[in-house]
Each structure stands twice: as C-alpha cells, then as structure tokens.
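S.K.: For reference, the chains in residue letters:
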Amino acid sequence: MANILLPPHVFNVGDFVYSPNPQDRFRKIIFQCDIRVIYPNGDIELGLIGYPAWKKGNAIRERWNIGKKAIGTKIKPADPSNPNETIPFNPADPLAVGNNESPVWQQHPVSEIPEQKQDKVEKQLSNIFSDEKKYEKITFSMNSKIYKENLHTSYDVTFSDGTTTSTNPCPPNQPGE
Amino acid sequence: MAKIKLPPQSIDLLALVSQFPGPPFNNTKFFFQLELREVTFWGNLIFGVIAYPAWRKGNSPRERWIIGSKVTGSDTGAPDIVPVDPLGVAFGNNEILLWHPEKGISEQEAQHEKFIYLYNKIIENKELLAKSVLTTGNVRLSKNPHLYYDVTLSSGGTSETALTNPCPPNQPGE
Chain A
230 MANILLPPHV
240 FNVGDFVYSP
250 NPQDRFRKII
260 FQCDIRVIYP
270 NGDIELGLIG
280 YPAWKKGNAI
290 RERWNIGKKA
300 IGTKIKPADP
310 SNPNETIPFN
320 PADPLAVGNN
330 ESPVWQQHPV
340 SEIPEQKQDK
350 VEKQLSNIFS
360 DEKKYEKITF
370 SMNSKIYKEN
380 LHTSYDVTFS
390 DGTTTSTNPC
400 PPNQPGE
Chain B
329 MAKIKLPPQS
339 IDLLALVSQF
349 PGPPFNNTKF
359 FFQLELREVT
369 FWGNLIFGVI
379 AYPAWRKGNS
389 PRERWIIGSK
399 VTGSDTGAPD
409 IVPVDPLGVA
419 FGNNEILLWH
429 PEKGISEQEA
439 QHEKFIYLYN
449 KIIENKELLA
459 KSVLTTGNVR
469 LSKNPHLYYD
479 VTLSSGGTSE
489 TALTNPCPPN
499 QPGE
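Just so you know, the protein sequences line up as chains A and B, in that order.
First residue of the first sequence? That's 230 in my numbering, and the numbers climb one at a time after it.
First residue of the second sequence? That's 329 in my numbering, and the numbers climb one at a time after it.
Please note that the accuracy of each hint is not assured.
In silico lysine to any residue, SDA-like type, Cα no more than 20 Å apart, as pairs [to be verified]:
1) B:Lys-385 with B:Gln-347
2) A:Lys-298 with B:Lys-385
3) A:Lys-377 with B:Glu-363
4) B:Lys-333 with A:Asn-270
5) A:Lys-298 with B:Lys-398
6) B:Lys-333 with A:Lys-377
7) B:Lys-357 with A:Asn-294
8) A:Lys-285 with B:Asp-340
9) B:Lys-398 with A:Lys-305
10) B:Lys-331 with A:Asn-294
11) A:Lys-298 with B:Asn-472
12) A:Lys-297 with B:Gln-499
13) A:Lys-305 with A:Arg-265
14) B:Lys-333 with A:Ala-231
Think of the hints as simulated: they come from the structure by calculation, not from any bench.
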C-alpha cells in the first residue's frame, strides 16, 4: 500500500518578502503542499511552499495581498515509524490538501494554543519578522502533524531562536482573521 | 510518467447552503480543496473535491470567516488528466465568492456575475435549491503551478459556470 510522506522542511525567514511599507500590518504566511517525488512503489512525497500575505495599512477590511512563493527544503526523509510523517494511503479516509497559515503579526487565529500563549508567540514572531538583522539570519523548520479528525496536514513550526508555533489548517479551521 | 487525474465532481448545493445561518446572504463563499482518493499501480494520483461553506458573523466584512462542515463531492464521469509532470504541482484552497466581488478579482468577472445571479435566484426558491447541483470540471493548471477548475451551477435546465480562484498564488476574493 502506498504511503504519503511528509518529511520535515526548513525555510529562511528572509525568503518571505512583505510589503516595504512598515505600516502594512496583519501579516501571515500561507503554506501549501506540493508533490516532490513519486516513488516506484507508489509512495508520494509532499514538500512545502509558503507565501507571505499582508494587508495594506492597518485595516482589517483591506484584502490580503500575496507575495512571491518561498520553497521549503527537505531536512531529512520522512520517518517511516512516525505516523505524522508517513501516512498509509487510505481511500476510506483520504488526506485533503489545503492551506495552512501561521500569523506573524497581530492576529488571533483559532487554534489549540491558549490565547495568552498565542499572544506571546505572536509578539516573538512579530519581533523576528520586523528586525532586519534577525530577519536575514533566522530559519524555521516545519514538522507535520496530522489533523486526524478531518484528515488534513498541519505543522509544528520551530524557529532557530527557539520560538515555536503551529499552523492552522483552514478550512477546516477558521482563518486567522 | 505519473499523472494527476480529477474526475468531474457533483456537490450537493443544498448541503452547503443550508449551513448558512440565514439571509442576508452577503459575505459568503465556498472553499474547495482536493483530497487524494486513489493511487494507481502506475503511480497516477486520483483526486476528488471537497467543499466548505464560509460566512461572516452578522454579515459584516469586519468579522472573521466562519467555516461550516465539509461536503464531499462524488465522481460523475471520466477524469480530466492534467497533462504535465505532477512534480511541483501545489495544492491549496480554491474559492468562489457568492456575492458581487470587487473589480479586478477575477479574469472572468462577467461569467462570475452570471453565476451569482443564478445562485441568488436558486437560494430564494426552496424547491429549486433542492434540485440544484454544483459540478466541477475542466481542470487547468496555473503558471505557478496550481490546479484550478470550473464550477458549474445547474438547476432546472439552466446552468452557469464560474472559475475557481486558487489562493495563494492569487489574492483571496476579500
């Protein structure tokens, strides 16, 4: 039986280019899966890409602008013993592939993270994405975490300064604004 | 070379619309995603479409989107085959706005307007709504590359087609 492989990936923060206007707030990254390898045994390896998104000015009513695609680099092969990285293909419970998002500015996504902790994470991420020196140097890695209730991929995100957060798969979750 | 295949799908419109909290129906949209339904012996990937209704609380553009329950599409015919190497093809959200969009959102605005006109006519008539169906087909690949496709709304012998908006890479329709 074929497996869906979701190996961990790494991104450079500097690859996410937002609007040069510092007043353009409400920023987030939208992640998507892409097909990287189809192995002879039928296993399918999915990679990760990300898009920076921002709103003009500081108005919630403004529409999202989408920047250029950043491509994640595979860190290591998917662990065959990790059920979050190697998912046996099951036609009765198919894996859906949609958007995952991670806010990097003041937003309040619906997630399993308690609100206070989420506020703290958002401040840390806001610092990373606002500081030019940090921005160029910092990387973040993404490890898949299967959203089992309604089979979707989501990801734990770990920045090289130790900050951690999770992505929000939406739908099925509510988008973060 | 392995291929991506997406059979045309039929999606129950009533199952989507009945989740909206009630009129007025402004600030609503449908999200579409793909799910991997089959991997053939030759490594071909056969996908299906799932849909979610989305609305804003109190019909206010300032409010956040609320997402309803998934409605799963069913196959209605032979699959469209995406005629490219599937490596690098990305999968994200596709959406269709159900109210009049701002200018510049869709390259097929006039078509979209007709789709919305028929949609509004259908949701005002319960009998018509119960007999209406959404079908997806005519899969295409954007430059980036992402998949997008037509969504046709059919009811009582009338039909209108809108093009889904893959976002990202496109700007979401609000």
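S.K.: Could you work out which of the previously given hints the structure breaks and list their numbers from low to high?
M.R.: Checked against the structure, the hints that fail are numbers 2, 5, 6, 8, 9, 10, while the rest are satisfied.
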